[in-house]
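Colleague: Sequence:
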Amino acid sequence: MERSSQMLKGVLDMCLLALIAEEPSYGYEMVSKLQERGLELVSEGSIYPLLSRLQRKHLVESYLQESAGGPPRKYYRITEAGEARLAEWTQEWRTLATSVDRVIKGARP
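Residue 1 is where the sequence shown starts when you use my numbering, and the numbers rise one by one after that.
Rather than coming from a laboratory, the hints here were simulated on the basis of the structure.
Take the hints with a grain of salt, since some may be wrong.
[Unchecked claim] DMTMM-like mimics (lysine to aspartate or glutamate), calculated; alpha carbons at most 25 Å apart, straight line:
id, residue 1, residue 2
1, Lys74, Glu92
2, Lys74, Asp101
3, Lys9, Glu44
4, Lys105, Glu83
5, Lys9, Glu61
6, Lys105, Glu92
7, Lys9, Glu29
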């Protein structure tokens, strides 16, 4: 479990950007989507610092939107810089995943 958590830390920024690129989302919604897609280790507490960092780097921007029966929610949407960075990260990920896969397959009899 600890190793999975460490690997996830390296790609969570990319995963968050990918979700936000699909549609603007708020924190809890992103956590739910990530968990539905198999990343059960993700919690709200782990994504908010990342969202703040992505915002400081101008990869996402936030805005408030009224919610039914509660306080306004803070939504995040991707910026043009975020879309460009997501494309770079996606290519880097695919290259790395392909290389790791070759090593793993080569290691098996």
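Colleague: Each hint needs a verdict: does it hold in this structure or not?
Modeller: How the hints compare with the structure:
A hinted pair counts as satisfied when its Cα atoms are at most 25 Å apart, and Lys74 with Glu92 does not qualify at roughly 30 Å. About 38 Å separates the Cα atoms of Lys74 and Asp101, which puts this hinted pair outside 25 Å; it is violated. The straight-line distance between the Cα atoms of Lys9 and Glu44 is roughly 14 Å, inside the 25 Å bound, and the hint therefore holds. For a cut-off of 25 Å, the pair hint linking Lys105 to Glu83 is broken: about 32 Å separates their Cα positions.
For the suggested pair Lys9 and Glu61, the alpha carbons sit about 21 Å apart, so the restraint of at most 25 Å is met. With a CA separation close to 20 Å, the supplied pair Lys105 and Glu92 stays within the 25 Å bound. Annotation: proposed proximity of Lys9 to Glu29 holds, straight-line Cα distance about 19 Å (limit 25 Å).
When each numbered hint is compared with the structure, violations occur for hints 1, 2 and 4.
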